[in-house]
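Engineer: Chain residues, written in single-letter form:
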Amino acid sequence: MSDMMAWPRKDGRKGIRNVVLVAYLVECAHHVCKQIARPFAETDVQVIGFSGCFPSDYGQQMMEALCTHPNVGAVQLVSLGCENFKKQQLADAIRASGRAVNLVTIQDTGGTAAAVEQGRAWVHDQLADLAAMPKVPMSVSELVIGTICGGSDATSGITGNPAAGVAFDMLIADGATCIFEETGELIGCEHIMAERAASAALRPEIIKTVNKAATYYAKMGYGSFSNGNATGGLSTIEEKSLGAYAKSGQSQIKGILRPAQVPQTGGLYLLDVVPDGPPKYGYPNINDNAEIIELISCGAHAVIFVTGRGSVVGSAISPVLKVCANPETYARMAADMDVNAGRIMQGADTLTGVGTEIRDKLLALGNGAQTASEALGHVEFVLTYKTASPAQPGCHPG
Amino acid sequence: MQHDPRLLVLSGQDNVAVLTATVHAGECIQVAGRAIEIASTLGLGHKLALRAIRAGDDIVKYGFPIGFAAEDIALGGHVHVHNLSSRYTTVEITE
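Top to bottom, those sequences are chains A and B. Number 1511 in this note's numbering belongs to position 154 of the first sequence; there are no gaps in the numbering. Number 198 in this note's numbering belongs to position 11 of the second sequence; there are no gaps in the numbering.
In short, the hints are calculated from the structure, not lab data. Some hints here could point you the wrong way.
To be verified - Ranges between beta-carbon positions, derived for each pair:
1. CYS1439/A with HIS269/B: 52 to 62 Å
2. HIS269/B with ILE1643/A: 25 to 35 Å
3. ALA212/B with ASP1414/A: 47 to 57 Å
4. GLN217/B with ALA1558/A: 21 to 31 Å
5. VAL196/B with GLN1607/A: 16 to 26 Å
6. GLN217/B with ASN1644/A: 39 to 49 Å
7. LYS1391/A with GLY199/B: 51 to 61 Å
8. GLY1578/A with GLU224/B: 18 to 28 Å
9. THR1744/A with GLU224/B: 45 to 55 Å
Cβ atoms here follow ideal geometry from the backbone N, Cα and C, with glycine treated the same way.
Turn these sequences into a full structure, and let the hints steer you where they fit.
Structural biologist: Structural data, given as structure tokens:
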């Protein structure tokens, strides 16, 4: 028996979801997208987009990576008509990936109602085509998994994050690709992390990447530390970082990725979310959802989200598996959670036990299971301006 | 060194332990064989000093420094943002 069943894509990757995206290319087209998607709320039709009207290389890269993500089956693009987004370039990239794409420009179709009608008719036809598309076997080695922690507290680093690390190690042993991130929450761990680099050349790059994040956040005036972190018993960024770092497990670090860069071989990668150069456009990622979508832009089929305080979010495109680190939070919010790692705190299970459960539940997502956030209809999506980053030289083997 | 079962010591080098359950004001908790009365309720995950810590000394958790003591901390004392400072970025509590 194969590990999972998935939809094959032209580039050789496989999807564990077959989503129809309805994507706005400027905020002015957002309402039309919501209206197009409304009758299909019970199916995998999801709205994403880029709000800004000014040109953005980063926005362009991200939208191309997301619209050609293996979990995506077809894309309805909606343009107002006068925005700066390079919509033909995006449509061409989607078409070249073997996916159906339809571009509706509101100013050309005669306004809101006509654009909504055209978009709905196209999405309706796509759903029928995608429903008939056969699935093929998919192995663990073809899987890409991201991990993030949010709404962290002092339990995150003791139960949920190390258990996610155990799941990562198990997946990597079977050839999967795993990605961890948020260098602003690895401050203080750079030297122990560098010791895990797969090559001597990568070691100083890891330290440089974390130092860049520390400098960036220092200039912004606030570190990645929230009121809830402190209420939950965390006192410093070093303490939060050591807990967050545990998500990465024990495997060798193969390389550093930049947003929208898809790793070509299995193993563990660090996603560098902080742009080079002086701060521009604000915080690197304004919230957890912006981080999740960057992991997905690197090809993540699913994301492990460890929370202590109790986050409820999911994401467009890829399922988000919620691991609750705090037993008191789990007791209050069980319906939003997929895994209760808090039982480790109570001595009722081990890191290996919970890590195995996380791995098994991720594989179940490739066999028709849904996450709690999917069942509750969470499809959060945030994409803002950011300086585009070139691929890290000398660090990425693919 | 006798510690209350509600205290979790994550590494042998640590000078703080973590509460595995909420401890309410007025309750007593055993730290290194001494009974310490908890002044105000502390949530699960908060830290207590396993020994007296002098101002400027590292606070060690998971076997690694997580900052330094901003003031002298007594055995059993609550170690948190009021007496533990980062060597990297300052934590600002906005509300």
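Engineer: All the hints need checking, so say for each whether the structure fits it.
Structural biologist: Now for the hints, and whether the structure bears them out:
1. CYS1439/A with HIS269/B: 52 to 62 Å: Roughly 54 Å apart at Cβ, these two residues keep to the hinted range, so it holds.
2. HIS269/B with ILE1643/A: 25 to 35 Å: holds, 29 Å
3. ALA212/B with ASP1414/A: 47 to 57 Å: Once the Cβ atoms are compared, 55 Å apart, the range 47 to 57 Å for ASP1414/A and ALA212/B holds.
4. GLN217/B with ALA1558/A: 21 to 31 Å: violated, 51 Å
5. VAL196/B with GLN1607/A: 16 to 26 Å: holds, 22 Å
6. GLN217/B with ASN1644/A: 39 to 49 Å: 41 Å Cβ-Cβ, so the 39 to 49 Å window holds.
7. LYS1391/A with GLY199/B: 51 to 61 Å: holds, 56 Å
8. GLY1578/A with GLU224/B: 18 to 28 Å: violated, 39 Å
9. THR1744/A with GLU224/B: 45 to 55 Å: Once the Cβ atoms are compared, 53 Å apart, the range 45 to 55 Å for GLU224/B and THR1744/A holds.
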